[in-house]
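Asker: These are the residues of each chain, in order.
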Amino acid sequence: MTHEAESNLAVATEMAVGAGGAEIDLTSIKLSQDFIAMAAVKKLITSVPVRKPHRQEFIRVKPGEENRLLTYVMEDKDFRDSYLVQPQLWQTLLDRLPGDMVAKVLFVTLNRQNILSVWPIRPPGPDGRIDEWNRTAMEGALMAQERWIKVSSNIALGAYELTPAPGNIADPQWPDITFKEIVNIAFKGKVIDTMEHPVIRRLLGEV
Amino acid sequence: MRERFKTVWFVDFEFRGGPGDAPKVVCMVARELHTGKTIKLWEDELLGAVRPPFEIGMDSLIVAYYASAEMSCHLSLGWEMPQNVLDLFTEFRVLTNGLSLPCGSGLLGALAYFGLDAMAGAEKDRMRDLILRGRPWSNEEKKEILDYCESDVLALERLLSKIEPVLDGDRSLLRGRYMKAVASMEVSGIPVDVQSLEKLRRYWEPIRQKLILKIDARYGVYEGVTFKARKFADYLANNNVPWPVLSSGSLALDDDTFREMAKAHPMIAPLHELRASISKMRLSDLSVGFDGRNRCMLSAFRSRTGRNQPSNAQFCFGPAVWVRSVIQPRPGYGLAYIDWSQQEFGIAAALSKDEKMMDAYLSGDPYLAFAKQAGAVPESGTKKSHKAAREQFKQCVLAVQYGMGEISLAARIGKSPARARELLHLHRSTYPTFWKWSDAVVDCANLKNSIFTVFGWRLTIQDRPNERSLRNFPMQANGAEMLRLACIFATEAGVRVCAPVHDAILIEAPLLTLDREIARTQELMSRASAIVLGGFALRSDANVIRWPDRYADERGTDMWKAVWEIIGELEASDVAGSVVPT
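Heads up: the sequence lines are chains A and B, in that order. For the first sequence, this note's numbering begins at 1 and goes up steadily by one. For the second sequence, this note's numbering begins at 208 and goes up steadily by one.
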């Protein structure tokens, strides 16, 4: 831009602010468009399924030690349900219902539709052995902390197949909710904290 | 507001004028709020005055209803425009935008809204007819007209007392300032090639008939002058063009669908132009003044988003796009159509503060950038190397802006709904901050029953709101703010602005200074965008038309050519000389 043009523009700009009317500080009269702060609306998460990833969905696993839990889960095979068992009952139930008490690592996943879920995976036993299904699932959970993957079962292979998503897909936006809150929602009404729990009594043949 | 100014003048002009002509002032009444001093002047007294008979300086406020009319009268009289204008029309619109107004938003409607007495509509019509009838007026008629003018001034005073509590301070004055810019633009008007327009008007009926034969030869969808949906469905099937359908299963044949589909499938564009031309266009309504300039009321603040809403029939940019080619600069002059590049995308990025979206805008090609950010195109990809992918991501961005679903997007890109769903999902996952903000826009509007722009243009939500409109409101309405600011800056800086056109400004300048004027205007538009968007300046593009060239919109060039071929044939059959404009 020539010096003359710059000079004219400066005059024009000055006129635009001053000569057209009362001095208006345009910046100071602006209204905020921060509707997130104004609405202050936060979506509540009220349901978190406990399941392995669907064969077609791409997932991410929330990274960090604080976002996983090694625990015991009681598997109710009759109703295909899982219950979180409180630590004070672990030994008793391992003694009395050894086939139904299963150690699991709970991971938190998020799919491309922003649905949270808890993915329980069986860890290696005390002897370090682990079947191919759980080994590949664990491998998938670790990989999904870094990238989007699809976890699909292959019966012929006897293991999960892991398919990383191609391209540079944006990282997930994790909802503002703690791991503890997620687990509480996922196992709401499904916590075994007494031997009088109906599921325990049924499995023990007491009812 | 009344305490802030030494003098507050309520002003009303009566004027007349043919379509497309600047106003011819008949009389004026002005009344000062604090003193009650009233000035009544007839046209001969007004024409003899070199300046307004009331204060127009920094300490004075001029109050009017639809002030651009009063400001146009100032310009017609060669008077300086006032420094401060409060337009009770714009303020009434802000107050009631979105509400149903049984009596409308004219002065009578505003008075009725506040329960104030008003002149009967029939009486107002009678007075308007008397004014438009023109000279000579008897002394009794002159008194009647002046009394009528004064009654409007008194009504303004009563209206101010009702509106004052909800006035928006400097934001109200900023709207008044825009009405001054509107007056400048309305008085300026758009230069038109009157000879071509006259021929178009003279031959329009036979042109319509022949156009159908000429354009439809490619499509075969007309029977006589009737568009046949069944034949159009056959054409679409034969040419593999997907087309949106209504819930009834019939093809969607409305103008919006045609416009959108013509963008996605250019082969449809001539048919869209044909339908637009033969169904609703009346060239006789295009209002062109005796000096060959298209002038009409810009109808500022008329739309819900605050955009101008000039009459499609009267405004050069209203009818089918090929008609815009009647726009031609005067000898020795040029025009420039300057519009912000991807304005809605830029506004969405800046207001939502989505950094990825802002990066995409700043890249210069937001569609390609989006495709790269979503992982669909490698970083090294270009517009040329990944044309198809870019086009899909572009259509996805536009679909989000229009609030389209996967079915509409699928039709637009000619792909499956699954692909459209995937694209829309990629938009959500690539720009999560924007979507969070967009969701909050809807929540905020529903919680507070209104939504507003940076300068306070407000939409009140009366009943069940349309979610798509709410989501789009910040982009459209802040876009309108940006345009208003740019028009203020440009007109006050002395740029000759012919008209605002959606997100563009049409300017005119002598060829010698055209480039400089374009640069000034672009700088002012950049500044306007930065003010609205908190420092995020939008780019602009200029389409320059130098005499003897004429305005051309590529969507209408085939039609314009076809029309002039027909005129050539008609003139030849009239044994008249055929002049085809270049």
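Simulated from the structure, these hints should not be mistaken for laboratory data. Keep in mind the model is a prediction, meaning the values are calculated, not measured. Ideal placement from N, C-alpha and C gives every residue a C-beta, glycine not left out. Check each hint, because a few of them may be wrong.
[Stated by the list, open to error] Computed spacing ranges between beta-carbons, pair by pair:
hint : chain 1 : residue 1 : chain 2 : residue 2 : range
1    : B       : Ser510    : A       : Ala37     : 25 to 35 Å
2    : B       : Asn445    : A       : Gly64     : 57 to 67 Å
3    : A       : Gln145    : B       : Leu569    : 49 to 59 Å
4    : A       : Ala37     : B       : Asp463    : 11 to 21 Å
5    : A       : Ala37     : B       : Arg671    : 21 to 31 Å
6    : A       : Val41     : B       : Lys768    : 20 to 30 Å
7    : A       : Ile45     : B       : Ser455    : 54 to 64 Å
Asker: State for each hint whether it applies.
Answerer: These are the hints, each one checked on the structure:
1. Ser510/B x Ala37/A: 25 to 35 Å: Holds, at about 28 Å.
2. Asn445/B x Gly64/A: 57 to 67 Å: holds (59 Å)
3. Gln145/A x Leu569/B: 49 to 59 Å: violated (31 Å)
4. Ala37/A x Asp463/B: 11 to 21 Å: About 35 Å separates the Cβ atoms of Ala37/A and Asp463/B, which means 11 to 21 Å is violated.
5. Ala37/A x Arg671/B: 21 to 31 Å: holds (26 Å)
6. Val41/A x Lys768/B: 20 to 30 Å: violated (54 Å)
7. Ile45/A x Ser455/B: 54 to 64 Å: Hint violated: Cβ distance 40 Å, outside 54 to 64 Å.
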